[in-house]
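Heads up: the sequence lines are chains A and B, in that order. The working numbering numbers the first residue of the first sequence as 1 and each following residue consecutively. The working numbering numbers the first residue of the second sequence as 1001 and each following residue consecutively.
Keep in mind that the hints are not guaranteed to be accurate.
Said to hold, decoys possible - Each computed BS3-like pair below joins lysine-lysine, with the alpha-carbon atoms no more than 27 Å apart: (1) A/Lys153 with B/Lys1019; (2) B/Lys1205 with A/Lys171; (3) A/Lys148 with B/Lys1247; (4) A/Lys173 with B/Lys1220; (5) B/Lys1220 with A/Lys93; (6) B/Lys1045 with A/Lys93; (7) A/Lys171 with A/Lys130; (8) B/Lys1220 with A/Lys171; (9) A/Lys97 with B/Lys1220; (10) A/Lys251 with A/Lys322; (11) B/Lys1205 with A/Lys159; (12) B/Lys1205 with A/Lys38; (13) B/Lys1205 with A/Lys153; (14) B/Lys1247 with B/Lys1045; (15) A/Lys147 with B/Lys1045.
Hints in this document: simulated from the structure, not taken from any laboratory. Predicted model only: the values in this text are computed from it and were never measured.
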Amino acid sequence: MTEHLSRGCLAKRNSDREKQMKKVIESTDISKAFGSTKALNDIAFSVDESEIFGFIGPDGAGKTTLFRIIATLLLPDKGEMKVLGMDCIAGFKELRKNIGYMPGRFSLYQDLTVEENLNFYATVFGTTVKKNYDLISDIYSHIEPFKKRLAGKLSGGMKQKLALSCALIHKPKLLILDEPTTGVDAVSRSEFWAMLARLRQHDITIIVSTPYMDEAMRCDRVALIQNGSILTVAPPQKIRNGFSRKLFMIKASEKYKLIIALRKYPGTVTAYPFGDSVHVTFSDDSIDESLFRFLSKEGLSKVTAVETEAGIEDRFLELMKKGATV
Amino acid sequence: MRTILYLIRKEFLQIFRNKFISRAMFAVPIAQMLLLVPAVTFEIKNVRLCIIDNDLTSESRGLISKLEGSTFFKVTFSTFSENEANNLLHKNKFDLILNIPSGFGKNLGTGKTGKLMASVDAINASSAQLTWAYLSGVIRDYNRNILTKNINTIPVNLVPQIIITNRFWYNEMLNYNHYMLPGVLTLLVTVVGFLLAGLNMVREKEMGTIEQLNVTPVRKYQLIIAKMVPFLLIGLIDLSIGLIIGKLVFNIPFVGSITLLFVCSFIFLIAVLGLALFISTFSGSQQQFMFIAFFCMIIFMLMSGLFTPYESMPNWAQIFNMINPVAYLMKINRMVMLKGSTIHDISREIISLIVIAVCSTSLAVRRYRKTA
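Required output: the full structure, derived from the provided sequences and hints.
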């Protein structure tokens, strides 16, 4: 009897979770071309509620185009984009009240002060700064001492915090951040991601794009995007684990010469520079004496090689290469 | 409504924060009035005259002194060589050569016809015609003097004559300031309306701020109204400044209703603001906008009848002027200020302006895209 009851409870909780986990974004076969340039090809993915979803990819991969479609600023040529349960084209009016968009380029009024910008966006969304202050206090408190300063005179990190405050001031359900950390120093970047993590308490779903691989680890799930196509979508840890070979980190006194030598070595599959070392994979997934002999013959000294864990970047490069050869 | 008011407040904040623009907006009408009204005139003064007097009789000297006595002519050169005179005319040293051949005085004295030759530099056709008209006026005058002198030989009252008495209505003294000032006022309102609002809109595009504004629930018409209102007010303030200068500096008569003038300028401003914002919807940069706006403005202004009466333009030009808001305001301003026309006299112009205003504004709202 009790067992039966508890099972019933569990079932109820599960269905609750299902209801909670409703999709914030559902994209089906979204394509967009600018003239003859195909920016997006059949993009399909979905984002769950309260998730931090990252788009990682090089410049020109199509991240901004995709974000502009989600933000109702651009119409797709093909496919359907549902955001917060509404169609991006038909429901754009309602959607605009519920999304916060922070474009990659700083696009607040540079000739208005910090305070004036914030008040402006609050009023335009039909709310006040006071009403939603608790939501932005964590971020805005950093720039509040400079509230009389013109936005154009702020430093990069402060501009970014102001832009985030303005994008959040109407308590959006979905926050779209297009390369928010580009051009921001390492400390501010790390601070910024900590802020995003705290925003999750307010039930805000966040999609964020970045060219920095290290930031991918801060997301719940990550989509790797290249040439307008999504290569894979998975939690970052899983993406790393998807690396198909053993990865070795090789160092030598002259890095550039080392890469060239490694790429000449017959057993090498890939060799990419990574910081002050080179990440290498071999066809037999192991290192033997013949490699060291080969490298010393190439004139390299102080060669060290250790096995290392693959990062997102390694997996990304692997996927990119696969995509290129297919 | 609250949104529109707040958007307008933001525009004013930005305008007055830009120190250059906020000062220039009020300095421009003052400079424009003070410079253009007295400078742009069709009156011809100080025509430079070259005399070739091959006669050297009292008759020829009498004619020359008569020419010198008028305000139009200034004898700047006299010579006996026709070649030299022609050369100097070619070098633009003077505007008119009057050649008095020898025998001129003798012929007059013996009752024969005196002959003169005038060569006018006609690069500017209208000024050449005016110069010629002035010259023949002076000579006609001189002619009459000769007739009265010889009254004993020819009884002049026997010759029947038509005497015309004329009066110039609405501008009795033919004061060109009175004609130009209403035109310059139109120009002033056009520049403010056409350039500032459109540039402001394109600047939002250039700075990328439009992107952030587009994701807000602000409606298209709200945005367009918010962009129009500040410049509408500034245009009307500039008009007031212009009118005050007209009264204080040029003492221009103001016959008609000031309210009517302001109402018409108000409608006109909506028309040009709408047009400028429409242009701004397909310009990506301030440079592009300036180019198109300037092109339109020059056409509108030169065809509006600012300098040349538009009734004398070719037919197609008059048809074009049916969609030229500047032409309507030009006419309205002159009629109201100089003639005291009432709303009934200019109802056709007002209705046309309203139609243009409605069309251009709805075009701007329709064309403006929040989504690409």
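Checked hints:
no.	hint	verdict
1	A/Lys153 with B/Lys1019	holds, 17 Å
2	B/Lys1205 with A/Lys171	holds, 26 Å
3	A/Lys148 with B/Lys1247	violated, 43 Å
4	A/Lys173 with B/Lys1220	holds, 24 Å
5	B/Lys1220 with A/Lys93	holds, 12 Å
6	B/Lys1045 with A/Lys93	violated, 66 Å
7	A/Lys171 with A/Lys130	holds, 12 Å
8	B/Lys1220 with A/Lys171	holds, 23 Å
9	A/Lys97 with B/Lys1220	holds, 15 Å
10	A/Lys251 with A/Lys322	holds, 26 Å
11	B/Lys1205 with A/Lys159	holds, 19 Å
12	B/Lys1205 with A/Lys38	holds, 24 Å
13	B/Lys1205 with A/Lys153	holds, 20 Å
14	B/Lys1247 with B/Lys1045	holds, 25 Å
15	A/Lys147 with B/Lys1045	violated, 63 Å
Checked against the numbered hints listed earlier, the structure breaks hints 3, 6, 15; every other hint is satisfied.
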